[in-house]
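Turn these sequences into a full structure, and let the hints guide you.
As they're listed, the protein sequences go chains A and B.
Numbering-wise, my numbering comes out as the position in the first sequence, counting from 1, plus 68.
Numbering-wise, my numbering comes out as the position in the second sequence, counting from 1, plus 68.
Keep in mind that the hints are not guaranteed to be accurate.
[To be verified] Below, computed lysine to aspartate or glutamate pairings styled on EDC-like, alpha-carbon distance capped at 16 Å: (1) A:Lys403 <-> B:Glu300; (2) B:Lys403 <-> A:Glu303; (3) B:Lys299 <-> B:Asp340; (4) B:Lys316 <-> B:Asp386; (5) B:Lys327 <-> B:Glu275; (6) A:Lys350 <-> A:Glu300; (7) B:Lys279 <-> B:Asp332; (8) B:Lys406 <-> A:Glu139; (9) A:Lys406 <-> B:Glu300; (10) A:Lys156 <-> A:Asp360; (11) B:Lys403 <-> A:Asp340; (12) A:Lys316 <-> A:Asp340; (13) B:Lys122 <-> B:Asp265; (14) A:Lys112 <-> A:Glu139; (15) B:Lys350 <-> B:Glu303; (16) B:Lys406 <-> B:Asp360; (17) B:Lys279 <-> B:Asp187; (18) A:Lys406 <-> B:Glu303; (19) A:Lys403 <-> B:Asp214; (20) B:Lys211 <-> B:Asp360; (21) B:Lys267 <-> B:Glu256; (22) A:Lys190 <-> A:Glu234; (23) B:Lys406 <-> A:Glu300; (24) A:Lys198 <-> A:Glu175.
[What the hints assert, rightly or not] Which stretches of chain A does chain B cover? Using the computed rule of at least three CB atoms under 8 Å from a CB of chain B, they are: (25) 291 to 301; (26) 305 to 315.
In short, the hints are calculated from the structure, not lab data.
Since this is a predicted model, take the numbers as computed values, not measurements.
Backbone N, C-alpha and C fix where the C-beta goes; we use that ideal spot for every residue, glycine too.
Number of protein chains: 2
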Amino acid sequence: MGVNEQTKILLLGGGALGSIFGWRLQEGGCFVSVICRSNYEVVKASGYQIESVKYGNGNFVPDMVFKSCSEAIAKSDFVYDYILICTKSLPNISNPADLLKGCSVSESTVIVLIQNGIDIEKYFFEVFPKNVLISATAYIDTKQTDSGVIVHGERVSLYYGLYRPEGADGEVDAGKEAKSQALLEKLERCLVSGNVDSKILENIQRERWNKLIWNSTLNPISVLSGGSNSKEMLENPNIRQLVVNAMKETISVGEAVVKMPLEDFPSEDIPDLLIGQMLKRKNAVYPSMMMDYMFKRPMEHEVILHNAIKYADRLGIDVPILKTIYALILGTEAKYLKRAK
Amino acid sequence: MGVNEQTKILLLGGGALGSIFGWRLQEGGCFVSVICRSNYEVVKASGYQIESVKYGNGNFVPDMVFKSCSEAIAKSDFVYDYILICTKSLPNISNPADLLKGCSVSESTVIVLIQNGIDIEKYFFEVFPKNVLISATAYIDTKQTDSGVIVHGERVSLYYGLYRPEGADGEVDAGKEAKSQALLEKLERCLVSGNVDSKILENIQRERWNKLIWNSTLNPISVLSGGSNSKEMLENPNIRQLVVNAMKETISVGEAVVKMPLEDFPSEDIPDLLIGQMLKRKNAVYPSMMMDYMFKRPMEHEVILHNAIKYADRLGIDVPILKTIYALILGTEAKYLKRAK
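Structure follows, in structure tokens:
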């Protein structure tokens, strides 16, 4: 297959998560360019060394490696079909859409946001209102143990759907909709060819809130209970009860926002079910915020907690636990970022 | 004045706080024995070296120094008038009254509890129902910088009153009451002679809750915001708001328990007033729980948070912030005590 027939992917954020998706998409037949930061030199020279339980071991050599998005677009003599954003979303530090600042992103390029949190799309929608935006949640256990060295477990799932800005209900342009659906399905074919568990969702916001139940609770509580992993938290009855109560707050906000239950079974059963699944895992989980805390990196509290709290305030829903956790996380982060300076 | 005419004080907990009270009581004419733990050898050999802004520098040599209460009582050929308990209250680790286990405490000895938290008296009342119990709150800025070396600032205030067990309302025995009042006043004369700011309160529980407004909020929040001191916390608008909201929860429980306002001005003004006073201080304050956190020592969360939460539950008062903070403190402590092992 020549380059011209290949689906062209530009991957922004070539870390533990991005590299696995890039690898699978390339294996599935796509042309994959990667933008790297800290691991640029290593990846440019020899690609990624990946050790994966699911896929076996491999060496992922991206078709092209760049330092920035503007370099990538300037040096590629074709239009990218998809830009995959696999970075953390830190709007409290800088506008996430600034990642694409200075890049002449074609209006025909689809922007795929593989990020945690709620309302992460608005930053891109404001700058690229004409581009198709795909909102995605990933379930994947992967870490970069050394520059360009990736250790991956068994799971790679991507759930995604079209981003529909708020207030756009009913204003469906049938032609645009059909084109967008075709782009969703084209991405799915690429992912499936790369053997990624892939699911297109009509209501991706429901899925985002579903994932937030976990992220908005175990993530910060893990930091605030002295850096406790999933087992240390959930085997402590006081912390477990706190997690359950915090989850209930997130569920109540999410259900009010998406205007339907977050699951197809009773909502009051969600916390115990999630906790049960977590405790069944062989190894304790170290949530991403805890890793950020340990490495003194900024945490994604704006999109994981604050954006949810802002919805709660707008809708008049009381979320005292989430607000307490949010304030403590801000204080904790301010303290360790100051120390790290 | 011979030993026989002196008021005899046995001080349990010869640390930063206890040593200052012991010193002042001796200066005021009392016979003062001190029970020391970690600093026993130093204090036994040469007493305390004290550097005080208020009192100047001095060497406090206790009249007697012991390793335990039973040793003190066995080796003293007189009955102590007062036993001052100046240790932390950690009923989740062991019964605080165990400090006096094996000591033949005379029924005529008054037990004075200089400790933080709520419901700290019940542990002693259960074991010593016939002794007069004095409940006290101390305001003092003092630390032990090295074994037996004490640095003290400007303030030493002791507020105290008779402990009246719950459900004892109305059952006043006039003879016992007069005797107890006389013992309160005798202690006051000793403290005033030693130039300590001393105040007998009819309703000491109101004062305890008043102090708890501060202790139940800034203390744990300081730990949970990454070890932030008073300025770091209160100059952060998110943390400050959390502190205010948490204080309101403590105030609402305290007022329901003591059945009256905690201050003589509107309760809604208390948080800003306390915070204002704190921010006016020249130096940032490092709350005691934060010091325990830094030195990986157990924290007084049982009497400072849990006992207050138990009152809230009994009275049907919602305290989601205090409950969140309590669970996180338990998780944090479990984690660092495990690491310290």
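Notebook entry, point to check: Given the hinted pair lysine 406 of chain B and aspartate 360 of chain B, is their alpha-carbon gap at most 16 Å?
Noted result: 14 Å, holds
Checklist line | Given hint glutamate 303 of chain B paired with lysine 350 of chain B - CA-CA distance at most 16 Å | finding: Distance ~14 Å between lysine 350 of chain B and glutamate 303 of chain B Cα, so the pair holds.
Check: Does aspartate 360 of chain A lie within 16 Å of lysine 156 of chain A when you go C-alpha to C-alpha?
Finding: 11 Å, holds
Notebook entry, point to check: For the pair supplied as a hint, lysine 406 of chain A and glutamate 300 of chain B, is the alpha-carbon distance within the 16 Å limit?
Noted result: 11 Å, holds
Note to self: Would the hint linking lysine 327 of chain B and glutamate 275 of chain B be met if the CA-CA limit is 16 Å?
What the structure shows: 13 Å, holds
Notebook entry, point to check: Does the alpha-carbon distance linking lysine 316 of chain B and aspartate 386 of chain B stay inside the 16 Å limit?
Noted result: 11 Å, holds
Notebook entry, point to check: Taking 8 Å as the C-beta cutoff, is the stated coverage of the region 305 to 315 of chain A by chain B satisfied by three or more residues?
Noted result: holds (count 6)
Next item on the list: Please work out if lysine 403 of chain B and aspartate 340 of chain A have their alpha carbons no farther apart than 16 Å.
Entry: Judged against 16 Å, a Cα distance of about 23 Å means the pair is violated.
Notebook entry, point to check: Are the Cα positions of lysine 350 of chain A and glutamate 300 of chain A separated by 16 Å at most?
Noted result: Measuring from Cα to Cα gives roughly 14 Å; hence the hint holds.
Check: Has the given pair, lysine 403 of chain A with glutamate 300 of chain B, been kept, meaning a C-alpha gap of at most 16 Å?
Finding: Measuring from Cα to Cα gives roughly 8 Å; hence the hint holds.
Item checked: lysine 316 of chain A paired with aspartate 340 of chain A [C-alpha distance capped at 16 Å] -> 11 Å, holds
Notebook entry, point to check: Does glutamate 303 of chain A lie within 16 Å of lysine 403 of chain B when you go C-alpha to C-alpha?
Noted result: Cα-Cα ~12 Å, so holds.
Hint violations for this structure: numbers 8, 11, 19, all remaining hints satisfied.
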